[in-house]
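Construct the complete structure from the given sequences, taking the supplied hints into account.
Chains as they are written, first to last, in this note's numbering: chain A, 10 to 147; chain B, 10 to 147; chain C, 6 to 99; chain D, 6 to 99; chain E, 435 to 550; chain F, 435 to 550.
Please note that a few of the clues may not be correct.
In silico BS3-like links for lysine-lysine, alpha-carbon gap of 27 Å or less [to be verified]:
| id | chain 1 | residue 1 | chain 2 | residue 2 |
| --- | --- | --- | --- | --- |
| 1 | A | Lys-109 | B | Lys-109 |
| 2 | F | Lys-496 | D | Lys-74 |
| 3 | D | Lys-74 | F | Lys-492 |
| 4 | C | Lys-72 | E | Lys-492 |
Here chain B is said to cover these stretches of chain F; the calculated rule only asks that three of the stretch's residues, wherever they fall, bring their Cβ under 8 Å from a Cβ of chain B [said to hold, decoys possible]:
| id | stretch |
| --- | --- |
| 5 | 446 to 452 |
| 6 | 483 to 496 |
Pairwise CB distance ranges, derived in the manner of DEER restraints [stated by the list, open to error]:
| id | chain 1 | residue 1 | chain 2 | residue 2 | range |
| --- | --- | --- | --- | --- | --- |
| 7 | C | Lys-72 | F | Ala-483 | 49 to 57 Å |
| 8 | B | Glu-44 | D | Gly-71 | 22 to 30 Å |
| 9 | E | Asp-536 | D | Gly-50 | 17 to 25 Å |
| 10 | B | Ala-120 | A | Glu-105 | 18 to 26 Å |
Hints in this document: simulated from the structure, not taken from any laboratory.
Predicted, not measured: the structure shown is a model, and the values here were computed from it.
Glycine is no exception: its CB is placed at the ideal position from the N, C-alpha and C atoms.
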Amino acid sequence: MSETTSETFTLVITGAPYSSQAPQTALGFAQAAVEAGHRIDRVFLYGDGVHLASALCAPPSDETNWSEAWSQFLADHSVPGVACIASALRRGLANETEQKRYELPGANLRAPFEIAGLGEWVEGRIKSTRTLYFHAGD
Amino acid sequence: MSETTSETFTLVITGAPYSSQAPQTALGFAQAAVEAGHRIDRVFLYGDGVHLASALCAPPSDETNWSEAWSQFLADHSVPGVACIASALRRGLANETEQKRYELPGANLRAPFEIAGLGEWVEGRIKSTRTLYFHAGD
Amino acid sequence: MTAIKTLHILNKSPDNPRAAKCLEMVSEEDGLLLIGGGVLFLATGNLPGAAKVFALSPDVDARGLGKLKWSSASAVDFAEMVQLSLQAQRVVSW
Amino acid sequence: MTAIKTLHILNKSPDNPRAAKCLEMVSEEDGLLLIGGGVLFLATGNLPGAAKVFALSPDVDARGLGKLKWSSASAVDFAEMVQLSLQAQRVVSW
Amino acid sequence: MSTLIMIDQPPYGAWTGREALDMAFSLAAFDQPASLLFTGAGVNWLRQAQEAGGIGQKSVEKNLSAAPIFGIEAIMADRSACSTYGLDENSLIEGVTLVDADAALLTNYDHTAFAG
Amino acid sequence: MSTLIMIDQPPYGAWTGREALDMAFSLAAFDQPASLLFTGAGVNWLRQAQEAGGIGQKSVEKNLSAAPIFGIEAIMADRSACSTYGLDENSLIEGVTLVDADAALLTNYDHTAFAG
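Written out as structure tokens, the structure reads:
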């Protein structure tokens, strides 16, 4: 009965919120996976996907704040959310460690997102039952 | 002799650095326009283009920092650089005014970029000899 | 339970060149799950005949295609998308 | 000084659907300036015969097309791009 | 100083269509003549009965229906693209004019722009 | 656990190609089998004599030439895409294998991914 076996997923998000639908589709998938008794091993933000980890998004009040919604999901289910360090540094996402290292005027990474290398993706890809990608579409 | 007449340009950048070539092509155009004796009336960042105004980009040291290069150009030639407020708020770009208004944990807009509405684009489009767009390509 | 060799998840519209390549690489033993702009293939109709075709309901409804009759595809929700991704031997996100 | 009605600036590769629409909307009195991925049309060769075609040199060189013979297009630098944009009656950036 | 705003990306998957609408509405708000032209997959913005609540977005159908009230001069759709996507008078929202998007059309406007 | 990384976007105009290379090199660094497949306009990454200094970027030609040294198993290019873009043995960088990118090819890999 494979339906009741608990499986693990690594989700890779490469599309930015308010530019693509990738973060919301990924969240719908993640919620359904958890409801079915599976585990999200980790969420890896790559390329433009790192913008999802911004603490400074302020969309209109009648629109979903996807960064906030994802942070809440990660916290509620103890899922690590990792932004690729190379993508993050180029695109202006920094935590306090990177702020100090590169002498930047601030930090804007939203908790509980962390910054780490592509090794996190490689590990997820090896360990999880499935690694799924959520790209920008059209 | 149209070559020696001074004309004005509004440049609209809609592609983000490190995701598209739009900011660098726009800078090449802007520099050539100024060298030919023309004036850049304003630069308007729209959509994903607002990421160019980030103060927190830290690309590898052997790559150009396009945010810094553009800031320098704007300062050197007293050209206003304006990020669309609606695009900026959704995508996590904020100055201190917006930080206070939306109670955000920080601000990341790089000087001399400012935040304003689409009216700045409309005005540029009316007043300038030419309004040119630099979109993400492939 | 349907046997699926590769599940192709397509979120590109029929105009996107990646969509054409995806359809080229779908075999008869594969499944094709349309999400995002990919559901617009239900409007153009030019879908591969052989493979099993699925379409994510919320994306279909958003694009006003909920009332189209599409005999060639099955509507799925996120729970079924999760199941499909586990059933298939491998998943490719286009 | 060349008379150009509309200058079309195209930065999309031949695979991009916007590129096809751009070529459809170029008339004989227009100019077509290839920049970015648009310069790859010099490799595929399927350019409109009638309109004047230009290609931005740094983009051509970056993509390794500097040594191709392209009789159908003229190389321009940024200074000439500025001039072209002023000469034309209007500019459309695709 | 008439402006044509072109939209060739489909709805909901990408944001440029919404941002193109904002540009057109902004021109209209400043009393500048503006028209919209939908081509390619962009014509899918004009389909009736879009229900985007399930993907956490707002439908733009109402915004588009209100376009004439806000001063948008015309909403045009490329005839061949509509045909590709199975759109006709019965499935299109009201107020859309079918046109052939060709070189001649562009010459009716001083300025033509995409949002991205 | 072999992985195929696909690249269908041309060089320099967009970043996903570079980010796909980083994924492949990262797999190789962790001793995971990885191959690259270039399709569509992506085959233009493989053209000889790219000089990207004029656009403020680095050419990836050297990175790609070094791929076997870093442990990348194969660099493949879709035959028909190469033909579309006028690429042949004389204009391609060394070490590229021409293949037909079809359904059968995918079944050789446990995992297939795009960078964006």
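Here is what the structure says about each hint:
For the proposed pair Lys-109/A and Lys-109/B, the alpha carbon gap of about 24 Å is at most 27 Å, so the pair holds. Of the supplied pair hints, the one linking Lys-496/F and Lys-74/D holds, its CA atoms being roughly 25 Å apart against a limit of 27 Å. Restraint check for Lys-74/D and Lys-492/F: the C-alpha separation of about 24 Å stays at or below 27 Å, so the hint holds. Of the supplied pair hints, the one linking Lys-72/C and Lys-492/E holds, its CA atoms being roughly 19 Å apart against a limit of 27 Å.
Coverage of the stretch 446 to 452 of chain F by chain B holds [criterion: at least 3 residues with CB-CB distance below 8 Å; count 4]. Here's how the stretch 483 to 496 of chain F fares: 4 of its residues keep a CB closer than 8 Å to some CB of chain B, so the rule of at least three is met and the hint holds. At about 55 Å, the beta-carbon gap between Lys-72/C and Ala-483/F stays in the expected band of 49 to 57 Å. Judged by the Cβ atoms, the range 22 to 30 Å given for Glu-44/B and Gly-71/D holds: they are separated by roughly 23 Å.
Against the hinted window of 17 to 25 Å, the Cβ-Cβ separation of Asp-536/E and Gly-50/D comes to about 23 Å, which satisfies the hint. Between Ala-120/B and Glu-105/A the beta carbon distance is about 22 Å. The supplied range of 18 to 26 Å therefore holds.
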